[in-house]
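Novice: Here's the letter readout for the chains.
Number of protein chains: 2
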Amino acid sequence: MKRNVLIIGAGGVAQVVAHKCAQNNDILGDIHIASRTLSKCEAIIASVHEKGAMKGEGVLKAHAVNARNSDEVAALIRETGVDIVINVAQAFVNMPVLDACIETGVAYMDTAIHEEPNLICETPPWYGNYEWKRKEACAEKGVTAILGVGFDPGVVNAYARYGIDTYLDAVASIDIVDINAGSHGRWFSTNFDPEINFREFTGTVYSWQNGAWQSNTMFEVGKEWDLPVVGMQKAYMTGHDEVHSLATNYPQADVRFWMGFGDHYINVFTVLKNLGLLSEKPVTTAEGLEVIPLKVVKAVLPDPSSLAPDYVGKTCIGTVVKGTKDGKETEVFVYNVADHKDAYNEVGSQGISYTAGVPPVAAAMLIAQGTWDVSKMVNVEELDPKPFFEILDRIGLPTRVKDASGDRAWNA
Amino acid sequence: MKRNVLIIGAGGVAQVVAHKCAQNNDILGDIHIASRTLSKCEAIIASVHEKGAMKGEGVLKAHAVNARNSDEVAALIRETGVDIVINVAQAFVNMPVLDACIETGVAYMDTAIHEEPNLICETPPWYGNYEWKRKEACAEKGVTAILGVGFDPGVVNAYARYGIDTYLDAVASIDIVDINAGSHGRWFSTNFDPEINFREFTGTVYSWQNGAWQSNTMFEVGKEWDLPVVGMQKAYMTGHDEVHSLATNYPQADVRFWMGFGDHYINVFTVLKNLGLLSEKPVTTAEGLEVIPLKVVKAVLPDPSSLAPDYVGKTCIGTVVKGTKDGKETEVFVYNVADHKDAYNEVGSQGISYTAGVPPVAAAMLIAQGTWDVSKMVNVEELDPKPFFEILDRIGLPTRVKDASGDRAWNA
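Residue numbers (the numbering used here), protein chains in the order written: chain A, 945 to 1356; chain B, 945 to 1356.
Any given hint might turn out to be false.
Heads up, the list lumps identical chains together, so a pair's fine if it works in one copy or across two of them.
To be verified - Within a straight-line C-alpha distance of at most 20 Å, the following computed EDC-like cross-link-like pairs (lysine to aspartate or glutamate) qualify:
(1) K999 / D1337
(2) K984 / E1231
(3) K1258 / D1286
(4) K1225 / D1247
(5) K1320 / E1047
FYI, nobody ran anything at the bench for these hints, they're computed from the structure.
Model the full structure from these sequences, guided by the hints.
Specialist: Below, the structure is given as structure tokens:
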């Protein structure tokens, strides 16, 4: 049975992962946290102790690591003796961390697709450019690698699998809908790393429709969604990781991702983008300083983890699957509603970090217990969703289903 | 008779100054252009020759200078043997250039108030913080220094003086109105150096009303103005140089400055300001690079001088003076209308640079001829406006008057 966990990263999501690992250290064993900045890891450990989150006595330790250096990560894996790595650092380090896991033979997971700093929005399917190139190596060495196991991507992939397997004979479309109806009270802020947030929206919006990749621009295609708890919400078709694996695993279905945006967000984004301030390419100031505009925008925006104390309201994120069952048109929405204030009270983070950080801990528990220890590289829709939902129900992200028969717990 | 001119700066305004000096080199003699970047001076010289702008055979020469270094400027003044310095570089160099002129005993002029890079919007009257501290030194050495002799400040100060002297017994208010009804066809651009442009609007809006300095915020006070040629236009009370000298010279009058802004400009400005991207104070990126956000915004925006070829439409800038004449309430608007395309055809610059660059050349001609060679430091409203208008009429910026009796040339 695999256990002992190394968390890479020390941002808002890492904080949630650390708290949840601590709450389940009877299953997960030793917990190590590593990032470039040791003090950020130490602050997370202090917050875990402050909440009394450790279920039992055990190891909870901070380390400094340069995660862009695969050898350094491998050395840390060996030194700490961990069996599972939860990578929730910036998406730029996925490949070196994955390589370190393959090298040392331990389980790997992440919550977002690998990105190269100087490239935005490469050719679809995105996973094919980086992670999937290690499929063979994982299979050969029997390494379990679960890609994109945050909320979206992650839980929503499991929702798609579950909705299709349970309610459809044939799937026609998979629409992931992500609505944050919360309010942070700032004039403007992104909910997670501004650099990663904006990079999502500056490139081509890829969707999979009519059996082929389709291209749109951001905010070109909008649609109103009437959702549980959060009500009627406008969302826009957005490029997102899970489209790229779901389209590969369900090529017969249209696969789209929709994210909710208010007019204020769209206005700020549009101004910054049109001025060139979201560019990942360096510019030179009149004084001769070379600087990447997006990194300056990040520097002036609020640190997303600072939003947590004032964040109120709820998120609703889920997957709409449509198709036929017994020859009849059928539609099911599998979803979760999370509350920002509840998340803060429990782990000191806002809801967006909470929904992203809880799922990889559930996945780590399933690996530790052997259920998801599949000895190969997979995306979440390739795994049995039910044991995942059972743990998520228990540790803070209950799954619900809404269809023509009503709105209920998935296992009601 | 003073002659031979050194132009400091090589931006859009300097280009206009160089062309206009060349067109009048029978009066102005040798023409030297100096800036940090020699190639920019050389490009201006090439453009002067391309338009065949030199009235007669004569010197037109480029120099490299660090204008923040007063000794370097003084050395260049001695080397070139000039008698008049037209400073149209960034406003950060006013004081060292002025000191070099006092040191060498030559005439000085500029078109904008001195600024320190790290300070925005100091206590009023602004001139009192820097330039006016050299009044005594100028008087002692008999140095002619004409402050703020662009269009606004500059020509509008002369408009105020002329309107008051000619049409009023007692002045009650001076309102300067600056409307650019032109279109550059870009998504967004400032019309002159973005750094200076935005710095004008991020601080307190000072006006002089009811015999005291009043404070407002930018875009807080708006007013519709019905103007010749450009029609009904919304303008906002704005902090601006000329308020600070006119309030000192006409303390009995309310003195306000109004600048026209479209909703698009206001939206972009508001987003950038509220995010902190217009700050002159450095921030540190996640990678540890220290950078001033405003300088990055400048780096991504279009170079204002690049707008000229596509700029169409007109500017209307003038001064409304109100008061009493023979016991009756009287109001007069003294103004100029300039055309962007005409400016480009004549000197290769857009209208905003043109209106700023022509007046200091007229002033230089008046110094060369002795008319304005006053051997002390003055603001423009302290000088006889009529010879100034006569030259401006001839060299491209005719003065008009509109009042209850109609709309006419000032000397009709």
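Novice: For each hint, tell me whether it holds in the structure or not.
Specialist: Here is what the structure says about each hint:
For the identical chains of this complex, K999 and D1337 are intra-copy neighbours only, at 18 Å inside a copy versus 86 Å across copies, given an alpha-carbon limit of 20 Å. In this homomeric assembly, K984 and E1231 come within 20 Å of each other (Cα to Cα) only across copies, at 15 Å, whereas the closest approach inside a single copy is 33 Å. Taking CA atoms no more than 20 Å apart as the test, K1258 paired with D1286 passes inside one copy only; the shortest distance there is 10 Å, against 58 Å between copies. Only between protomers do K1225 and D1247 lie at most 20 Å apart by alpha-carbon distance; the minimum there is 18 Å, versus 22 Å within a single protomer.
For the homomeric pair K1320 and E1047, the shortest alpha-carbon distance inside one copy (14 Å) is at most 20 Å, but the shortest distance between copies (79 Å) is not.
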